[in-house]
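**Q** Just so you know, the sequences run in chain order A and B. Residue 1 is where the first sequence starts when you use our numbering, and the numbers rise one by one after that. Residue 1 is where the second sequence starts when you use our numbering, and the numbers rise one by one after that.
There's no promise every hint is true.
Any copy will do: because identical chains look the same in the list, a pair fits if it lies in one copy or spans two.
Computed cross-link-like contacts, DSS-like style, restricted to lysine-lysine with a CA-CA straight-line distance of at most 25 Å [claimed, not checked]: (1) Lys279 with Lys175; (2) Lys2 with Lys274; (3) Lys223 with Lys274; (4) Lys197 with Lys2; (5) Lys274 with Lys42.
Since the hints were derived computationally from the structure, they do not count as laboratory data.
2 protein chains.
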Amino acid sequence: MKKLMNSVGTILIDSLDGFVAAHGDILVLGDEHKFVRRKALKPGKVALISGGGSGHEPLHGGFVGHGMLDAACPGQVFTSPTPDQMLAAAQAVDTGAGCLFIVKNYEGDVMNFEMAAEMADNVATVITNDDVAVENSSYTTGRRGVAGTLVVEKIVGAAAEEGRDLAALKALGEKVNAATRSMGVALTSCTVPAAGKPTFDIGDDEMEFGVGIHGEPGRRRDKLKSADAIAEEIVHAIVADLGNAAQGEALLFVNGFGGTPAMELYVVYNSARKLLQAKGIRIARSLVGSYVTSLDMAGCSITVTMLDAETTKLWDAPVHTAALRWAM
Amino acid sequence: MKKLMNSVGTILIDSLDGFVAAHGDILVLGDEHKFVRRKALKPGKVALISGGGSGHEPLHGGFVGHGMLDAACPGQVFTSPTPDQMLAAAQAVDTGAGCLFIVKNYEGDVMNFEMAAEMADNVATVITNDDVAVENSSYTTGRRGVAGTLVVEKIVGAAAEEGRDLAALKALGEKVNAATRSMGVALTSCTVPAAGKPTFDIGDDEMEFGVGIHGEPGRRRDKLKSADAIAEEIVHAIVADLGNAAQGEALLFVNGFGGTPAMELYVVYNSARKLLQAKGIRIARSLVGSYVTSLDMAGCSITVTMLDAETTKLWDAPVHTAALRWAM
Chain A
1 MKKLMNSVGT ILIDSLDGFV AAHGDILVLG DEHKFVRRKA LKPGKVALIS GGGSGHEPLH
61 GGFVGHGMLD AACPGQVFTS PTPDQMLAAA QAVDTGAGCL FIVKNYEGDV MNFEMAAEMA
121 DNVATVITND DVAVENSSYT TGRRGVAGTL VVEKIVGAAA EEGRDLAALK ALGEKVNAAT
181 RSMGVALTSC TVPAAGKPTF DIGDDEMEFG VGIHGEPGRR RDKLKSADAI AEEIVHAIVA
241 DLGNAAQGEA LLFVNGFGGT PAMELYVVYN SARKLLQAKG IRIARSLVGS YVTSLDMAGC
301 SITVTMLDAE TTKLWDAPVH TAALRWAM
Chain B
1 MKKLMNSVGT ILIDSLDGFV AAHGDILVLG DEHKFVRRKA LKPGKVALIS GGGSGHEPLH
61 GGFVGHGMLD AACPGQVFTS PTPDQMLAAA QAVDTGAGCL FIVKNYEGDV MNFEMAAEMA
121 DNVATVITND DVAVENSSYT TGRRGVAGTL VVEKIVGAAA EEGRDLAALK ALGEKVNAAT
181 RSMGVALTSC TVPAAGKPTF DIGDDEMEFG VGIHGEPGRR RDKLKSADAI AEEIVHAIVA
241 DLGNAAQGEA LLFVNGFGGT PAMELYVVYN SARKLLQAKG IRIARSLVGS YVTSLDMAGC
301 SITVTMLDAE TTKLWDAPVH TAALRWAM
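Next up, chain A with everything else stripped away, as it sits in the complex (with noise of 0.2 Å):
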């Protein structure tokens, strides 16, 4: 295992000291490690709250500050934040008017976040579920919640912002769940540092596509093929599933896993907005980067939301985070 740390024991604790010492003029970061949160909390405004296991970086506390979270929860390395975390973070955001949880769909996530709505006051959750890969996977029942979470956060967060309400936010982060679909591809199997070895084996010439961010298994291990057949593969996928409600105009995500580069990102792009112009879907919006990572894991993944003028007004809204700002 090749990792730039300082040893298994003190790699996430290292990496959430430096995330947040260079960031201070976003974040802080709460007792224990429990949670970062917006340095400059809006009182009044639904708190949204996201986390997981720590390794998607950076998903989620990337995400917060203005126009996105208020507070994210790490856990460990591909494994659930505890409840006195989740509770924590709604203690320390919550300004009055309530909490919005974002969970993606894995079974101890889903329960640990449930056991801390349950502690806590006034709280609603969204449970995101995007991925059209399989339909249960090694650590969910039901879809996984992958890359599409991204845009969840971004556009309830622009809402929140507005100063819509919980039962109003908990619906628009339905709707965009619901509008999103994703799918990923695997090069090479991510590293767990605890573990000290690969997740799973994969040949020279081989992919796994479908893959989790997990590295959990997908529909298949496959020959690599060119980008163009995996995107067509994908593109396929997404667009089936989606139905009728493929028409209109999208946002196009593609998301590197952490091991691959921007320039193949770009050509996976390339390769996706052109299949979806051809079955007549405007791509509206765009965003390519590693933003949802599975450590070191080569590979990339594709999302499309679709946008009706509401979430593109959203998506459009300033956000100022660690790893995604802009004012438009």
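Given the coordinates of chain A, work out where chain B should sit on it, guided by the hints.
**A** Same frame as chain A, but now just chain B:
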């Protein structure tokens, strides 16, 4: 070789097409893929042009836009662009105030930009050479220009936006370069698509200390050490080289080489910031991410730029490019 691409012959074109399509609000592509340039030029502003071999994305195309470059010329992977690319870019973006070429110190780049400068009117050049690892290298007489080039492009770009003239911008670029030092470490090799195999062999427990951004040899091959130990040696080399200039405020920039995830970069940032602070240097600004890459190489570099009131203000000035975006 495992890459997300259609073919070795089309990877660069496909990637550039995807890049410009994804960022059509900021960029347009020049004829024959010779350059990318800002969509909206600013009449009377000195035009900033950079470029070099591809494979270092988002450098340089990702830094084209308001507050940074006016155009970037991509060569083939790890190969200098040709003089006619820079000439075409200069003709496309010079609105009358001349062009400043920002060139990393590699023999091919320096020679080709020099030829273009002779053919174009009213051009000045800044050469960056921030890498303290070695004095001469595979493709370089003198020190290599590496991640510090981003800092030069950002600060000089902000000054150009303010309306400074060509001579003033050249002087500022040289001042920022002189205040900047970098050094890197590789955990794996990169793989050039046309070569089809890793540029160098490296053991499972080894690192290349002082590596160049094309996988050039550094100071030595060594056993992989802790992040603290790596950062200590790099910070020591940088501070020793800065000499009396190593006091006051600095920008600390930890740059990933393409195959290293954010979690590890923040671990290295955390080590480096503590070491610099212990030497009495205040970290006034920070940047952490994969901005000056070496294809899929795992590893990172540390860059330190000593700041003053002028350069801090210019670093903070608004920037709107594909890869760097903020308004402060």
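**Q** If a hint holds in the structure, say so; if it does not, say that too.
**A** Evaluated hints:
no.: 1; hint: Lys279 with Lys175; in the structure: within (23 Å within a copy, 52 Å between copies)
no.: 2; hint: Lys2 with Lys274; in the structure: between (37 Å within a copy, 23 Å between copies)
no.: 3; hint: Lys223 with Lys274; in the structure: within (23 Å within a copy, 46 Å between copies)
no.: 4; hint: Lys197 with Lys2; in the structure: both (10 Å within a copy, 20 Å between copies)
no.: 5; hint: Lys274 with Lys42; in the structure: neither (42 Å within a copy, 32 Å between copies)
Of the numbered hints stated above, the single one contradicted by the structure is hint 5.
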